Amino acid sequence: MTTVDDRPSAPPAGAPRPRVNPVLALLRNSWRQLTSMRTALILLFLLAIAAIPGSVLPQRGVNPEKVTEYFVDHPDLAPRLDQLGMFEVFASVWFSAIYLLLFTSLVGCILPRARDHVRALRMRPPAAPKRLERLPQHAVLEAPAAADPEAIAAVLRRRRWRVAVRGNEVSAEKGYLKETGNLLFHVSLVAVLLGVALGSWYGWHGNRILVSGADNAFCNTRQQYAEASLGPRVDSADLPPFCLTLDRFEADYLASGQASRYWATVTVDHLDDGSTRTAGFSVNSPLRLDTANVYLLGNGYAPILKYTDRYGRTQTSTAPFLRSGDQNATEEGVAAFPDANVDPKTGKRAPDQQVAFDGLYLPTAPDSAPFVASQFPAERNPAVVLAAYRGNLGLDAGIPGSVYKLDQRQVANGKLKQIGEKVLRPGEKWTLDDGSTLEFVGTKPYITISVRHAPGQTMMLAACGTLLLGLMGSLFARRRRVWFRVSPPVGGSPTSGSSLVEAGGLPRTEHPGFADEFAQLVAAVSDDGRDDRRAREGDE
Amino acid sequence: MSALSDQLVTFAILAYLVAMISHAVEYALGNARKVPAAAPARELVGAGVGGAGGTVEEPAGAVTPAATRAGRSAARAALAGRIAAWITVLAAALHLGAVVTRGLAAERMPWGNMYEFVLTVTWIGAAAWLVVLWKQPSLRRLGLFLTLVMVLLLAFAELKLYVQVVPLMPALQSYWFIIHVSTIIFASGIFLLGVVPAVAYLMRAGWEQGKRSFPYTLARRLPAAAGLERLTFTLHAFAFPVFTFAVIAGAIWAEAAWGRAWGWDPKETWAFISWVVYAGYLHARATPSVKRNVATWISVVGFLTMLMNLFGVNFFFTGLHSYAGV
Chain P
1 MTTVDDRPSA
11 PPAGAPRPRV
21 NPVLALLRNS
31 WRQLTSMRTA
41 LILLFLLAIA
51 AIPGSVLPQR
61 GVNPEKVTEY
71 FVDHPDLAPR
81 LDQLGMFEVF
91 ASVWFSAIYL
101 LLFTSLVGCI
111 LPRARDHVRA
121 LRMRPPAAPK
131 RLERLPQHAV
141 LEAPAAADPE
151 AIAAVLRRRR
161 WRVAVRGNEV
171 SAEKGYLKET
181 GNLLFHVSLV
191 AVLLGVALGS
201 WYGWHGNRIL
211 VSGADNAFCN
221 TRQQYAEASL
231 GPRVDSADLP
241 PFCLTLDRFE
251 ADYLASGQAS
261 RYWATVTVDH
271 LDDGSTRTAG
281 FSVNSPLRLD
291 TANVYLLGNG
301 YAPILKYTDR
311 YGRTQTSTAP
321 FLRSGDQNAT
331 EEGVAAFPDA
341 NVDPKTGKRA
351 PDQQVAFDGL
361 YLPTAPDSAP
371 FVASQFPAER
381 NPAVVLAAYR
391 GNLGLDAGIP
401 GSVYKLDQRQ
411 VANGKLKQIG
421 EKVLRPGEKW
431 TLDDGSTLEF
441 VGTKPYITIS
451 VRHAPGQTMM
461 LAACGTLLLG
471 LMGSLFARRR
481 RVWFRVSPPV
491 GGSPTSGSSL
501 VEAGGLPRTE
511 HPGFADEFAQ
521 LVAAVSDDGR
531 DDRRAREGDE
Chain D
1 MSALSDQLVT
11 FAILAYLVAM
21 ISHAVEYALG
31 NARKVPAAAP
41 ARELVGAGVG
51 GAGGTVEEPA
61 GAVTPAATRA
71 GRSAARAALA
81 GRIAAWITVL
91 AAALHLGAVV
101 TRGLAAERMP
111 WGNMYEFVLT
121 VTWIGAAAWL
131 VVLWKQPSLR
141 RLGLFLTLVM
151 VLLLAFAELK
161 LYVQVVPLMP
171 ALQSYWFIIH
181 VSTIIFASGI
191 FLLGVVPAVA
201 YLMRAGWEQG
211 KRSFPYTLAR
221 RLPAAAGLER
231 LTFTLHAFAF
241 PVFTFAVIAG
251 AIWAEAAWGR
261 AWGWDPKETW
271 AFISWVVYAG
281 YLHARATPSV
291 KRNVATWISV
301 VGFLTMLMNL
311 FGVNFFFTGL
321 HSYAGV
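First to last, the protein sequences are chains P and D.
Quick note: the first sequence uses our numbering, first residue 1, plus one each step.
Quick note: the second sequence uses our numbering, first residue 1, plus one each step.
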């Protein structure tokens with residue numbers, strides 16, 4: 001691996017042919033170097049090694065939260081790794097450089113080979129060498145049944161050999177499929193790469209949470225996604241217009257708490273033609289719309305929290321609480337009421353009178369304290385465990401923050417104060433110190449979805465099919481040649497009156513079974529194909 | 001049914017262990033090829049490499065005492081080898097029974113977690129080994145290494161990976177589960193078997209080049225290097241398209257389940273690495289200017305990446321392929 005290109009291109013000054021333009025010579029030598037198998041092998045290994053950090057370090061494209069975590073845990077190392085593109089390995093310059101060089105090398109290798117192969121396909125099998133007995137396989141047939149070149153050629157053709165008859169000689173070749181398959185495999189690889197490129201240029205995707213109910217419907221615009229990414233050739237206006245409403249979400253669980261089935265029912269409104277339909281989808285069976293696919297990635301519960309402020313105004317939050325990661329669907333979240341306690345007389349918002357609640361939602365809460373974890377993922381004994389905060393939520397500062405967490409800086413600097421903690425079951429009310437109340441009404445299910453449009457996938461699938469076909473041809477087909485030479489009976493031959501046939505065989509690639517095949521072929525020629533027919537009947 | 005499966009695994013491990021010991025006896029008793037090249041002794045060569053189905057030829061009458069001793073020893077070695085091969089057949093049958101009863105107990109294909117995965121991969125390796133042995137009995141001595149690998153992997157699975165039978169989680173409930181996982185298991189099993197002749201070749205080739213230091217001395221009684229190398233290539237050439245298909249099937253499934261065909265999940269990344277390394281092996285093998293032992297080393301590296309993907313990724317990284325019970 002360390003001996004990369006230890007044979008540099010000849011320096012222009014020392015070029016043996018002074019008439020050749022030195023720049024061209026350098027280019028040609030570099031090209032030869034690049035398209036050599038050695039270079040291709042080295043590039044393959046570099047590709048494998050370059051992919052390793054992509055699995056060891058968190059990747060932005062896979063799990064952006066983990067990257068943020070890594071930056072917090074390794075404040076010194078992370079920025080340096082980031083400069084090297086270690087958090088986006090598969091989009092980094094060096095990774096791209098390796099695979100682009102590899103594919104250039106590949107194309108440079110297969111183009112001349114394809115040309116040669118087409119030439120070989122159009123050429124007749126080559127003439128027999130003078131001394132057939134020097135070939136790896138050799139046989140002399142005395143008085144065979146197929147004694148003239150045309151009869152031998154017919155036997156070979158029946159066995160699907162390419163045959164050429166030249167006078168008293170028969171040349172035959174078989175196994176062109178090996179090279180055809182090899183070329184098909186490599187062309188398919190290029191097609192897969194093009195499919196990937198197509199997908200990344202013209203594809204788009206967005207992720208978000210969809211809480212059930214008509215008032216929580218979402219429409220397919222970029223702003224409505226929590227996280228979206230559009231390919232460079234896609235504009236926000238290109239997103240197909242449709243809206244989704246989650247009508248129902250069902251989840252079945254085993255006694256152990258392991259989920260056994262999910263099913264989401266949604267209403268799809270196509271805004272372009274005004275049509276509406278209801279559709280169901282699940283994990284492994286996405287909702288396939290004409291213009292995009294909707295995938296079910298996760299699910300959870302959004303507690304309905306009704307807050308009545310000290311002026312008697314009521315607001316309701318159905319903010320989804322996120323799964324904390326345990327098996328039993330313990331969820332964490334925040335219900336924020338930034339517009340609470342607006343004085344109805346003045347209509348002014350008091351920035352230090354905002355209210356928020358954070359805590360846990362337990363679908364199956366234990367009967368007694370501590371209320372820290374759910375005991376089952378289905379809603380058997382739901383409860384929220386909330387802490388109330390009053391003060392400035394820090395939402396107006398313009399600093400982006402998570403909507404699923406309170407701004408802890410505001411708590412730390414005393415602008416947001418905790419004013420109590422309570423466990424609420426559905427229907428229960430909690431009266432705070434200022435007379436305002438919070439009611440836990442119930443929950444709504446939510447689903448996490450990914451909406452995607454990935455052009456190029458059909459092309460990739462087709463290319464994968466041809467890739468496999470090509471691969472099998474390339475690995476299992478074997479190129480080999482045989483020759484037969486018919487000599488007229490000469491005086492002194494023990495069986496005068498009949499001709500003598502000499503046969504030779506040459507495997508052009510490793511072929512352990514060639515001796516057997518050659519023997520069978522010779523036997524078939526001896527019997528004029530009778531063996532052949534018997535063998536074929538035996539196969540059926 | 002689940003308890004029966006567990007018992008069968010234990011018995012299979014014991015049977016592989018006995019087969020390994022028997023192979024070790026064959027190994028220790030010597031090599032028929034080492035018999036002095038006297039004319040009568042040459043017949044014994046046939047006995048030594050006669051294979052599982054062959055018959056022991058009686059030592060011919062007029063032989064020197066030394067040749068008789070060597071001949072007797074060779075006959076005993078051949079007997080031990082044949083016993084080892086038959087015990088391996090028994091072990092593989094028990095092993096298959098364990099896989100099947102596990103599947104019956106779970107009422108699904110027994111590939112829902114790492115324990116079941118290792119259990120099935122090792123069975124594929126053992127079954128493929130028996131096929132190889134049947135076709136090329138002269139390679140029987142490799143059985144020592146193969147049974148060693150079996151005992152180690154199965155014992156590790158039993159001690160460290162064992163989990164109770166549970167149904168599949170929703171993410172795995174798809175017919176692609178059967179297609180993707182079965183082909184991955186099949187390819188992994190063949191790659192697992194492939195690494196045995198690969199390592200044996202590397203040692204044996206060293207021995208044949210006159211190296212007499214530690215790892216090479218182990219290869220003194222191994223089959224000839226060229227045959228080992230050819231077997232290595234045959235197994236890898238067979239497994240590679242299956243592995244390629246399995247990865248493609250995985251991508252098709254990933255599109256339906258996770259919304260993208262390829263997302264550089266750690267498991268996908270390592271499958272990519274393995275694929276690239278094995279592709280490198282096949283290219284190196286097909287290139288005359290690359291030495292055979294360099295190519296074989298690449299295949300060993302490929303197997304290490306497969307191991308990394310199975311154990312390393314499951315234990316150290318979390319990704320979309322992390323399912324309950326590792």
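Because the hints were derived from the structure by calculation, they are not lab data.
These numbers were taken from a predicted model, which means no experiment stands behind them.
Do not take every clue at face value.
Unchecked claim - Cross-link-like lysine-lysine pairs, in silico, DSSO-like; alpha carbons within 27 Å at most:
no., chain 1, residue 1, chain 2, residue 2
1, P, K66, D, K267
2, D, K160, P, K178
3, D, K267, D, K160
4, P, K417, P, K429
5, P, K417, P, K345
6, P, K405, P, K345
7, P, K178, D, K135
8, P, K348, P, K444
9, P, K415, P, K405
#### Entry: Hint check against the structure, violated hint numbers in rising order
2, 6, 8
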